[in-house]
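S.K.: Using the hints, position chain C against chain R.
Keeping their order, the protein sequence lines are chains R and C.
Throughout, the numbering used here is defined as the position within the first sequence, counted from one, plus 341.
Throughout, the numbering used here is defined as the position within the second sequence, counted from one, plus 341.
There's no promise every hint is true.
Identical chains blur together in the list; that is why a pair holds if it fits in one copy or across any two.
As the list claims (entries may be wrong) - Listed below are the simulated DSS-like cross-link pairs for lysine-lysine, each with C-alpha atoms no more than 30 Å apart in a straight line: (1) K465 / K369; (2) K368 / K466; (3) K465 / K368; (4) K369 / K466.
Everything labelled a hint here was simulated from the structure, so no lab data went into it.
There are 2 protein chains.
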Amino acid sequence: MDNFNFYSPTEFVFGRDRENETGALVKKHGGSRVLIHYGGGSAVKSGLLDRVKKSLEAEGLFYTELGGVKPNPRDTLIYEGIEICRRDNIDFILSVGGGSCIDSSKGIAAGACYDGDFWDFYAKKATVQAALPIGTVLTIAAAGSEGSGGSVVTQEKTMLKRDTGSDLLRPRFSVLNPALTCTLPAYQTACGAADIMAHVFERYFTNTPEVEITDRLCEAVLLTMVKETPRVIADPDNYEARANIMWAGTVAHNDIVGVGRSQDWNSHGIEHELSGLYDCAHGAGLAVIMPAWMEFVMNHNVMRFAQMAVRVWGCQMNFENPELTAKEGIFRFRRFLHDIGLPINLAELGAKEEDIPKLVENQNVADRTWGFVRLSPEDIAEIYRIAARAEV
Amino acid sequence: MDNFNFYSPTEFVFGRDRENETGALVKKHGGSRVLIHYGGGSAVKSGLLDRVKKSLEAEGLFYTELGGVKPNPRDTLIYEGIEICRRDNIDFILSVGGGSCIDSSKGIAAGACYDGDFWDFYAKKATVQAALPIGTVLTIAAAGSEGSGGSVVTQEKTMLKRDTGSDLLRPRFSVLNPALTCTLPAYQTACGAADIMAHVFERYFTNTPEVEITDRLCEAVLLTMVKETPRVIADPDNYEARANIMWAGTVAHNDIVGVGRSQDWNSHGIEHELSGLYDCAHGAGLAVIMPAWMEFVMNHNVMRFAQMAVRVWGCQMNFENPELTAKEGIFRFRRFLHDIGLPINLAELGAKEEDIPKLVENQNVADRTWGFVRLSPEDIAEIYRIAARAEV
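Next up, chain R with everything else stripped away, as it sits in the complex:
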């Protein structure tokens, strides 16, 4: 096992009606002048934003607001948020929404405490040294940003999607009410599930041997998703299934399932170019890329894929030919994604095979030369080609 630090100081406040405690939580965590950051209409229409504001007012807290976060959040809105923080002496950012909204909030939180251009953090020209405290009220189970220190933002003028991370960006608290996710369309629910599972797989495929505890914790989250996702697609109001998925989404990405060993993250990188270029949902892009990546790298460690097949997908181990078991596991993963309504090839995603050279060119290929398998530009092109041909 590799040496590691694990630090997840976020206070998770989970369950029905917990958003009514938001004001008290902001106060407890030191906030007095709050920027409420949110996305489009659903938080407004559902009355959630009003409930949150009421709870801030009940604690006598000042607040201002900035809505309009889009999926694949843009740098432009973050610049605006930073200006508001400076103008109104904001000391706490409250993010009401999903991963895009929280990631945007993290950009604002870091940028407001930095004299230069906040994009420096995402362009890897600077590391976060200070940030405003953040709290979240989560509305989608997917990105895991509510418990992580990571943030992914798209630069509007180039459509490049880049990430940064710091323990300083971990939310002080996150309110998780599964009931808030019951109104999500099935497609968004499925995209969220793919994102959650990808966060685990990026940590599952490692070159560090003998970290059984982390393997088993990964499999715990995956098995939960395999059970609960079809239930919630069939029955969107199933609170218990929603609750399991929501907490699984947090556990999948605060790094408890990743400690003590190398991780991969190349599928995320390869996908980011898709959602950057086509503005598709990140989870949908992952559904197309992740199994394609698995097929491409499988021979690097067949037994690891066989383990996934047996332990996660319930395959029978073929002891005479483990490769067949490994392939069966990948096949079952792709069929699972298809069955919950996700695209499984480039065409279904709305992407074009002829754009592959451009997608490869946009990659920061230096980022793909570590992880489970080092990938060359030609390797990445082949993964996109596998993704173009995929079917169930």
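M.R.: Leaving out everything else, chain C in the frame of chain R:
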């Protein structure tokens, strides 16, 4: 799923040689005047205490020390520690040892900030409102106190063992170096393993349905212990196995495997009277009590025990007679405990069947009327009797 809060703000610093960072960690977490609290000779003899002191000196930190913590830590030493804290204006408690040492440190931390008798917290006459910050350097994988807010202390004059808990008692940091545990005798290693598994089982046997994520996380820790414990008993210097067990011990008790549902904890309560009366190792007492408790309560939810049997112990499900599967799971657990060298009945533990009435009398029976199954004094007596008769 029940509403819950999950808050585990401890910074875990895991791996080889990490104890050399202790001074820097104390400083980072705000300490300047440190009480080093430790047990007997092993931390001194191994040179660990010297390394820790050196790291404090390197940061220019004041420290004083209080050794002599015994297994089943006593209130008497805690009174002494509280006096030292007041006399020397201590602002940080550094606990170098196992669960007993950390639990004792928590008593001191809470008592130093309280005008009354610290035992009030354990007698449930008061709740902790303030506590000195604590850091730990762990030397035994067992109690999980390095990541929990709980503490168990024995009152010397009555030999009663009582517990308290508060998020304020969660350590600010915990240094976990698995190599420090390689010198532990096999018996202590096995006792630690039983304690770790018991912490999971106390959370696994719940009356709240459909919390798949927590079930699976529980099973992840248990499966790890089933794999790694025999390896480490056979080969004490196996760093990888030690590392898996050490991290499993922390994950087992910071409550990530317990959220969202009712828990039990009656086996712990029933065991506490044994280690209180006979001063035996807590883990050894649990090895005797836990399977006996399982046999006694099994019919409350046969399918739950069958799930344990299949998912944790690899039993084949008997679909015609699930009770046989459930029984087989309990049998395999007891045989596992026996195989790693633990006692499995009262006699092997050094306890006497004729003391059962006294053991029952010492219970705070009101504490046993909740959990998976409510227990009457006669039920508790029967569990002790099952434990007296047990064999493999």
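S.K.: Flag every earlier hint the structure violates by its number, smallest first.
M.R.: none
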